[in-house]
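Letter by letter, the sequence shown follows residues 1 to 857 of my numbering.
If you're looking for bench data, these hints aren't it; they were derived computationally from the structure. By construction, the Cβ of each residue, glycine as well, lies at the ideal position given by its N, Cα and C atoms. It cannot be assumed that every hint is accurate.
Said to hold, decoys possible - Distance ranges between label pairs, derived from CB positions: (1) Ser445 to Asp616: 30 to 38 Å; (2) Gln43 to Pro628: 33 to 41 Å; (3) Ala586 to Ser331: 52 to 60 Å; (4) Phe815 to Ser795: 47 to 55 Å; (5) Glu552 to Phe444: 54 to 62 Å; (6) Glu50 to Leu773: 34 to 42 Å; (7) Phe444 to Ala586: 21 to 29 Å.
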Amino acid sequence: MRWERGELRHISRAGSWAWAISGAVWVATLSSPVHAALVEITQVELTVTEGGVELRLAVEDSRELQVFQIQSGTTWVVDIPNAQLVDSAAFEQIEVSEAIASVSVQPLENGGIRVTVVSQEQPLLGTVETRDRALALTITREAVVQADPADADSPNADSGDIASPSDTSSNGDALQIVVTGEALGSAYVVPQATTATRTETPLLEIPQSIQVIPQQVLEDQQVIRLDEALRNVSGVVADTTEGAGFQFSVRGFPSARLLRDGFSLSGSDALSNTGILALPEIANVEQLEVLKGPASILYGEIQPGGVINLVTEQPTPEPLYEAELQLGSRSLIRPQLDFSDRLTADGRLRYRLNALVQREDGFRDFNQGIEREFIAPVVAWNISDRTTLTLDFEYLRDERPNDAGLLAFGQGVVDVPRDRIVGEPDDVVERSFITTGYRLVHQFSDNWQVRHAFRHSNQTYSSNFFLPLTFNETTGIVTRLGGGTEWYQDFYGLQTDVVGNFTTGSIEHTLLFGIDLSRDRSDIESRVNLAALSPLDIFNPTYGNVQRLPFEQLLNPARVQDVTTSRLGLFLQDQIELFDTVNLLAGIRYDTVSQTVTNAPSLFDATGSESRQTVDAVTPRFGLVYQPIPEIAVYASYSQSFTPSSATNLAGNLLEPETGEGLEIGFKTELFNQRLIATLAYFDITRQNVATLDPNAPPLSNASVATGEQRSQGIELDLSGEILPGWQVIANYAYTDARVTQDNAIPLGNGLAGIPEHSANVWTTYTLQDGDLAGLGFGFGLNYVGERPGDLNNSFRLDEYWVTNAAIFYDRNDFQLALNFKNLFNTNYIQGTPISRVRGIEPGEPFTIVGSISFRF
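Using the sequences and the hints given, assemble the complete structure.
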């Protein structure tokens, strides 16, 4: 990294040194993500050098320090807003040497620290660099040399050499600040995550696989949908939900819990038939965190595959104003804003605002396009030095085709153009999502804090469709049924955590105790028109020959259901540093969940019914991490999960909860000064008490028993970071053997629907670092998904596919241009997980171009 006189030099596309100049003051800023907790400065060392001093700030944390340098005359100041001194002990020394009058390190009122160095007489030069988890500040008096005007046009004036006291020519009152060294980490590496432990823990100290997708990856790939982003994580598959949104399978198991800042976006996983209709916006996402394996200890009722947490952007310590416009194939237009600034002069009150509008025609042969509006304001208030309150709000409206996908044909998929639709061109689904809440953090001391958060959200869903019921493969006729669905869900959640750091003898502890409370209610009503079944020849379709009725005129209720779920969870977790190289994680959780399911009379339930159930569960978690050297970790873990069931037995009672248990062993490493991180994991997960048909029940009763079992085991490799300066990569591979191991209806050994044995992804970018084309970059990616079963009966299969992606971008100062090419070779493929042979067989997006231009001002 270097500053060349009279020139703004951009070195890296993100996480780079960003420069500003104002008058006689030059400021160097190291951009980095905002962290909820401050990095602790554990030691301050001052060494007197010839003509100056060297100050060393030592940290035990691996996170990057934010550095803001300011020079004015004989004073040199460095502000570090994301750091704090241990025990808030200030450092000050006066009359340091003949050259340096004083050096001080003081806590700032609003958080952070300030380093101030005052010279006896002459202006100062300063350098900052990272060395072995420490920030080294080297300050010397400037060698003032009066420049000869005749040398102004000297060929060496802007030669690009690194500025230093020995080679600087300037006027007597000029200032030179040089920043050298290499920052820890990379734009593609986030060394810490909260999803796995609900504490800020380095990834290498977590005894479980957790993958983090940084915002820079989303920007480089020009990701618009969540399923695009999650291709960067091994073992994750998007499940189709007919235009309403996406569910996700992780490690072979469906309905992975989707979280937003630790709160569920989907209500109850126990009722997946009414639950996950989430199609969240990612414009305000700071990073995505995917925790693999059972994790009920932290999040209660979940499937054993894992959880996906969307970590949202928060107000920044410095002003941020960014506007972006994306344009692309099929009339895509997507303008968006991202603003953040202070609301008060002292910076105690700050805000952030994300907003966008999206319009797109889509590639399927529907008249209905995609329309989307989103706004998300956040306000953060530093009530005191130890107390912070954050308020946030999100509104999303989405309208798009209600797409049932294609059809199975024999042992494969029907051979028709990928834009062919089975429904009608004006099939539509509209949904809205509103969420609001607060988060209060109070630091009792440097070692103890309490966090309290509240979340309320509601979702509405309305659709009108022609749904395929049967398909005659001989004639090519698909029989469709007109209908509509109205659905509403209300969710309230409270989370309270107490986190403490203490020691027992030589053993260090990070203790977490928490209480979770939540309640959600959903109402769903589906109606159909039995009087007008609509046939369609899939090979020679003619649309518009059937009357569409509004929802109110659909007289045949197919399903009328009200579901209420209340939860209480208590958990205790301890992260124990037994030795410098050994960390133990142990925890246990108790949950009680009450469900009430009320069914009004309908076509499939002539009399109606009501089922109530209260279930309790205790789920433990254990893990061990061994680090022979700081850059390598070997780990093993065992954890459990549970999920209340929505199926009923012959008596109409809800079944006992599903349970899951998982064993994982793995290896993690950080290379090249935390610029590259890799995880290799083996997992073995069993899902038990799966609902399966009761063999003793009468035909068509749909009665079930909780005797099914499924098992998933495999190997995953994830890699992300910087290989060489400017060369970034994120890649993964997964081998997943997910099968039915016990069932009354499904043959044993059948593969789980939509889960490939082999899948792999790689995305890499290179940005020119020097010369006139510095900031110009190129990206290339491959996405491979192997052959997989189309349903649990394994009656048809989906072919393997390769998708190739590419990009070219230019990033200079506060201006960016990018052009991305998705599915470069126009591969025809089926993505996601089908719902059945006639629903949810979703064709993938064809060749697509997305261009963007953005300004930061």
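Hint-by-hint comparison with the structure:
1. Ser445 to Asp616: 30 to 38 Å: 35 Å, holds
2. Gln43 to Pro628: 33 to 41 Å: Once the Cβ atoms are compared, 25 Å apart, the range 33 to 41 Å for proline 628 and glutamine 43 is violated.
3. Ala586 to Ser331: 52 to 60 Å: 55 Å, holds
4. Phe815 to Ser795: 47 to 55 Å: 54 Å, holds
5. Glu552 to Phe444: 54 to 62 Å: Because 57 Å falls inside the window, the suggested range holds.
6. Glu50 to Leu773: 34 to 42 Å: The hint (34 to 42 Å, Cβ to Cβ) holds, given that glutamate 50 and leucine 773 are roughly 40 Å apart.
7. Phe444 to Ala586: 21 to 29 Å: 24 Å, holds
The earlier numbered hint that this structure contradicts is number 2, and it is the only one.
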